[in-house]
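K.L.:
Here's the letter readout for the chains.
Number of protein chains: 2
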Amino acid sequence: MLHQSSQLDRLYHALADSGRRAMLDRLSRGPASVSELAAPLEMTLSAVVQHLKVLEESGLVRTEKVGRVRTCRVDSKALSLAERWINQRRKLWERRLDRLGDVLAALPDEDQAKDSKP
Amino acid sequence: MLHQSSQLDRLYHALADSGRRAMLDRLSRGPASVSELAAPLEMTLSAVVQHLKVLEESGLVRTEKVGRVRTCRVDSKALSLAERWINQRRKLWERRLDRLGDVLAALPDEDQAKDSKP
Numbered sequence: 065m066l067h068q069s070s071q072l073d074r075l076y077h078a079l080a081d082s083g084r085r086a087m088l089d090r091l092s093r094g095p096a097s098v099s100e101l102a103a104p105l106e107m108t109l110s111a112v113v114q115h116l117k118v119l120e121e122s123g124l125v126r127t128e129k130v131g132r133v134r135t136c137r138v139d140s141k142a143l144s145l146a147e148r149w150i151n152q153r154r155k156l157w158e159r160r161l162d163r164l165g166d167v168l169a170a171l172p173d174e175d176q177a178k179d180s181k182p
Numbered sequence: 065m066l067h068q069s070s071q072l073d074r075l076y077h078a079l080a081d082s083g084r085r086a087m088l089d090r091l092s093r094g095p096a097s098v099s100e101l102a103a104p105l106e107m108t109l110s111a112v113v114q115h116l117k118v119l120e121e122s123g124l125v126r127t128e129k130v131g132r133v134r135t136c137r138v139d140s141k142a143l144s145l146a147e148r149w150i151n152q153r154r155k156l157w158e159r160r161l162d163r164l165g166d167v168l169a170a171l172p173d174e175d176q177a178k179d180s181k182p
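These protein sequence lines are chains A and B, in that order. Going by the working numbering, the first sequence opens with residue 65, and the numbers climb by one from there. Going by the working numbering, the second sequence opens with residue 65, and the numbers climb by one from there.
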């Protein structure tokens, strides 16, 4: 539980930067080398490497070095975990709002007269 | 676009702390006053107020003061925005994996012999 909590800390921290989200955007269209990843970004290669480290520590990105090329890819399991936590809270809240809506709908309707206007 | 990007920064930053997630957990079960929110948490009231400020700035929580009581509630629109960004990337990536699966499935199957074992 504590382990999952610190994993969620790292996941959301990794997502809280537009540069890192741009890198995830690129990687969700397919694997890329570090220099392919850096090319469209207005960042130094060293900044890209730093961001990549944060993404790797969060589990959102896996990298593999073959020869001199490091290939990066998204890990959809980590994306699912980050999504699931939010999704469960949103559903709880919306269910609450639905129940509130049911209660309101069961009350006598003071505006009924308006509906029968020509 | 830039506006949405900084909103996503604030959203994910707000989610990147287990104390703030515990507060969202509580609020997704219903509105609460600041002291109700603080009660189950091992935090000073001043820490709770600081976290609440981060949650309000992210748009995840709205608060309203009536008399001396400040009531806090979740805003599910902000939760949806945080969820949608992740969901879209995960779907892109999984679609890519599906296409890769189709390509692999179309290749001649070297393991077919194993299936016919007794």
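Don't take each hint at face value.
If chains are identical, the list can't say which one is meant, so a pair holds when it fits in one copy or spans any two.
Claimed, not checked - Derived BS3-like pairs (lysine-lysine); straight-line CA-CA distance at most 27 Å:
1. LYS155 x LYS141
2. LYS129 x LYS117
3. LYS129 x LYS155
For the record, the hints were derived by calculation from the structure and aren't laboratory data. In this text, all values refer to a predicted model and were calculated from it rather than measured experimentally.
K.L.:
Hint by hint, say whether it matches the structure.
P.N.:
Checked hints:
no., hint, verdict
1, LYS155 x LYS141, "both (21 Å within a copy, 12 Å between copies)"
2, LYS129 x LYS117, "within (14 Å within a copy, 43 Å between copies)"
3, LYS129 x LYS155, "between (41 Å within a copy, 26 Å between copies)"
Checked against the numbered hints above, the structure violates none of them.
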